[in-house]
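Work out the full structure, taking the sequences as your base and the hints as a guide.
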Amino acid sequence: MWSSGSNLLLRLGGVLVGIVLARLLTPEQFGVYAVALTVQGVLMAVADFGLSADLIRARNPAPRAPTVASLGLVTGTILTLSMAFSAPAVAAALGSPSAAPAISVLAITLLLAGAGVVPFAMLQRRFDQKTLFLIGIIDFVVSTTITLLLIAAGWGVMALAVGRVVAQVGSLILQFALSGERPRYGFNRAEIGSILRFGVPVSAANVLSWALLGIDKVVIAILLGPVALGLYVLAFNISAWPMTAVGQVVRSVAMPMFARTLHQPRDHSLGGAFALTWALSLPIAAGLGTLASPLVNVVYGERWAEAATVLAVLALFGALRATFDVFVAYLLAHGASGAIVIVQVLWIVALLPTMYFGTMWFGIVGAGAAHVVVSLFIVAPAYLFVLRRVGAHLPSVGSAIWPPILMVLPAVGGAILVSALIGEQWIVLVAGGAFGAAAYSLLSYRWIRRRLKRMRETETASDPHLGSEDVVTT
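Start counting the sequence shown at 1; every next residue gets the next number (the working numbering).
These are computed hints drawn from the structure, not numbers from a lab. Virtual Cβ for every residue (Gly too), placed ideally from N, Cα, C. Heads up, some of the hints might be wrong.
[As the list claims (entries may be wrong)] DEER-style ranges, computed between Cβ atoms:
{"id": "1", "residue 1": "I348", "residue 2": "G154", "range": "33 to 43 Å"}
{"id": "2", "residue 1": "R389", "residue 2": "I422", "range": "45 to 55 Å"}
{"id": "3", "residue 1": "G154", "residue 2": "R303", "range": "12 to 22 Å"}
{"id": "4", "residue 1": "G186", "residue 2": "R57", "range": "18 to 28 Å"}
{"id": "5", "residue 1": "W402", "residue 2": "V341", "range": "26 to 36 Å"}
{"id": "6", "residue 1": "R197", "residue 2": "E302", "range": "50 to 60 Å"}
{"id": "7", "residue 1": "G413", "residue 2": "L452", "range": "21 to 31 Å"}
{"id": "8", "residue 1": "T131", "residue 2": "I422", "range": "43 to 53 Å"}
{"id": "9", "residue 1": "L149", "residue 2": "L9", "range": "19 to 29 Å"}
{"id": "10", "residue 1": "Y185", "residue 2": "L384", "range": "39 to 49 Å"}
{"id": "11", "residue 1": "A93", "residue 2": "A437", "range": "38 to 48 Å"}
{"id": "12", "residue 1": "G186", "residue 2": "L149", "range": "35 to 45 Å"}
{"id": "13", "residue 1": "L9", "residue 2": "R449", "range": "18 to 28 Å"}
{"id": "14", "residue 1": "P61", "residue 2": "G13", "range": "28 to 38 Å"}
Structure follows, in structure tokens:
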């Protein structure tokens, strides 16, 4: 509970801070920082090198810790220097030369991440979620406070980079202090081979995961520039609200349930988890898409108005991502991690050309549409194919697709009608959102309740020692 609760709280806090920053920064400044974060994201995916995961899974981590610490520090130093010295050239290649200073400052985070591999891994290994939550909260507060103060002082984009670095320094100190670990370095040749054999594939998988949600930023930065990227990133972040609101909660319930039903001959657990996720994320996505214009204008300000069009497209992608998260959890519970990698590779191969031509022909709206098209016609069928191969009962998934769609249509229609009858945008946002939420709640209440009951029955049947009071149903 601490893990899902803390993640949800931090994500909600991030949404609120994003609103404040959008009010203080221009789309161009937002885009410049997005370029810097994109570069950092690529190298951060490499920086961990699977070192923390290696310590977490090790039967006896103590003898490996000094070698892991040394590898983390060396990797972090090399990547930091590479990112700092190449910042001007990389920023220019991404169409935003003004991002170079922010890239150089953010490079320090790679060194800090490498230095903190051991204490972070030890806290995770001990399932010390309370301590990790405390560190996360302090990191968030420090980063937000410094960023806002520096923006007020006129630092612009650099305020975000400096705030991020200072907060990470504080987090590193807390990780060492609260984990009981001390910096210990050494090289054991007998350990290095196994560490690298495990770490290289993990690092490649991290880069793959980044590419799925980062390649669009690279394409937009190169083809359209920082202003368009700033507008797109804002819309993309808003479209992730279904994941923020639903993903963590459902994942915390779904993964244990999938594990318990692992050996059932007719496993309907995926259908139940999918139904709940789809029924909760679809209305959020529909509301974001329908009320995109008043939402962006009222909450973020009129200078971001152009982001509303792409948000209307990306909203559906946010709901699809939430359901894909459930598919991944099911595959992991069944030990089918290789199938996940295959789907992700197929996803990237299909997304790259679609994203490039969509952006070139239709701008940021085309970029958003590329995500939706590839998700619907490539990724979803691919996931369903591999799910069927591991024994998932797909008819129970299929039967859960249409009811939420049919129930959300009247809610969307009502919100559109409210928008047409009312002129003031803030009233449209409040009234349209309230009508849509009320209409969908009334129409879906009994259906969702039946699905929750089936999920509980499925979990209880899979483990006869569980009583109904032991089953988490959200």
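Now the hints, each set against the structure:
1. I348 - G154: 33 to 43 Å: Holds: the Cβ-Cβ distance is about 40 Å, inside 33 to 43 Å.
2. R389 - I422: 45 to 55 Å: holds (51 Å)
3. G154 - R303: 12 to 22 Å: Holds, at about 18 Å.
4. G186 - R57: 18 to 28 Å: For R57 against G186, whose Cβ atoms are near 20 Å apart, the range 18 to 28 Å holds.
5. W402 - V341: 26 to 36 Å: holds (31 Å)
6. R197 - E302: 50 to 60 Å: holds (54 Å)
7. G413 - L452: 21 to 31 Å: Hint holds: Cβ distance 27 Å, inside 21 to 31 Å.
8. T131 - I422: 43 to 53 Å: holds (49 Å)
9. L149 - L9: 19 to 29 Å: Cβ of L149 to Cβ of L9: about 23 Å, so the range 19 to 29 Å holds.
10. Y185 - L384: 39 to 49 Å: holds (48 Å)
11. A93 - A437: 38 to 48 Å: holds (45 Å)
12. G186 - L149: 35 to 45 Å: holds (41 Å)
13. L9 - R449: 18 to 28 Å: holds (27 Å)
14. P61 - G13: 28 to 38 Å: For G13 against P61, whose Cβ atoms are near 32 Å apart, the range 28 to 38 Å holds.
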